[in-house]
Amino acid sequence: QKEVEQNSGPLSVPEGAIASLNCTYSDRGSQSFFWYRQYSGKSPELIMSIYSNGDKEDGRFTAQLNKASQYVSLLIRDSQPSDSATYLCAVRNDYKLSFGAGTTVTVRA
Amino acid sequence: GAGVSQTPSNKVTEKGKYVELRCDPISGHTALYWYRQSLGQGPEFLIYFQGTGAADDSGLPNDRFFAVRPEGSVSTLKIQRTERGDSAVYLCASSLEPSRGGYTFGSGTRLTVV
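These protein sequence lines map, in sequence, to chains A and B.
According to this note's numbering, the first sequence holds residues 1 to 109 in order.
According to this note's numbering, the second sequence holds residues 1 to 114 in order.
Some hints could be false.
Here are the in silico distance ranges between beta carbons for each label pair [as the list claims (entries may be wrong)]: (1) 14/A x 98/B: 42 to 50 angstroms; (2) 57/B x 71/A: 29 to 37 angstroms; (3) 17/B x 41/A: 49 to 57 angstroms.
To spell it out: a stretch of chain A is covered by chain B in this simulated footprint if at least three of its residues, at any positions, have a beta carbon under 8 angstroms from a beta carbon of chain B; those stretches are [stated by the list, open to error]: (4) 24-30; (5) 98-104.
The set of hints was computed from the structure by calculation and includes no laboratory data.
Fair warning: this is a prediction, and the values are worked out from it, not measured in the lab.
Glycine is no exception: its CB is placed at the ideal position from the N, C-alpha and C atoms.
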C-alpha cells in the first residue's frame with residue numbers, strides 16, 4: 001500500500017464548476033497535510049496547508065482534513081482554465097514529505 | 001536570492017557519465033532536501049541535510065548517488081555512472097527547522113540520460 005493515494009484522474013470540469021480532489025494516507029502519525037499545484041514543466045507550488053480536523057478556506061480553495069478516516073480533500077470552487085494543472089497531495093512526518101502521484105485537472109472553457 | 005536556486009535547469013548526459021546538480025537554498029535555512037520526480041509520479045524523497053550533515057539519506061536509490069553540503073549552504077547531488085533510469089526532475093527545497101510546514105521547491109533540474 002502506498003503511503004499517500006489520490007483518486008485517479010484525469011478530472012475534467014467545466015469552467016465555473018467545483019473540482020473535488022481526494023487523498024488518503026496510511027500513517028496515522030502524520031502531522032501536517034498539504035496540497036501542491038504543478039503546471040506542466042514546472043515544479044510543485046504549495047497552495048494549501050492544513051494541520052487540524054475540519055475545513056480551511058483560502059479564496060476559491062477549501063482543504064478538508066479528517067484524521068480519523070485518514071482523508072484529505074481539496075475543493076476548487078468556480079474553476080477557471082488557469083486551474084488546469086496536476087494537484088499533488090503531500091503528508092508530512094517529522095521532516096519528510098510523502099507525495100501522492102497527483103490528479104490532473106482540466107477546466108473546460 | 002529570494003527562492004531556492006537550482007542549476008543547471010536542464011542536463012543531458014550520456015549513459016555512464018558523471019553529473020553534478022547544484023542547489024542554492026534560501027539564505028539562513030538550515031534544512032535542505034533533495035527529491036526526485038519521475039514522469040507521472042509525485043516527488044520522492046532522496047536525502048535531508050540539517051546543517052552540513054546528512055541527517056537522513058535513506059531515499060538515495062543506490063551507491064551511485066551521493067550528496068554533500070560542506071558549508072551548510074549550497075548542496076551538490078552527485079550521480080556516478082548514470083543510467084537511463086536516472087532520468088527525472090531533481091528537486092531541491094530548504095526550510096527553517098524545526099517546522100511542521102510544507103516547503104518550497106526550487107525550479108528543479110531536468111536530467112536526461114541518453
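### Task
Output the numbers, in ascending order, of every earlier hint that fails for this structure.
The structure conflicts with hints 3, 4, although it agrees with all the remaining ones.
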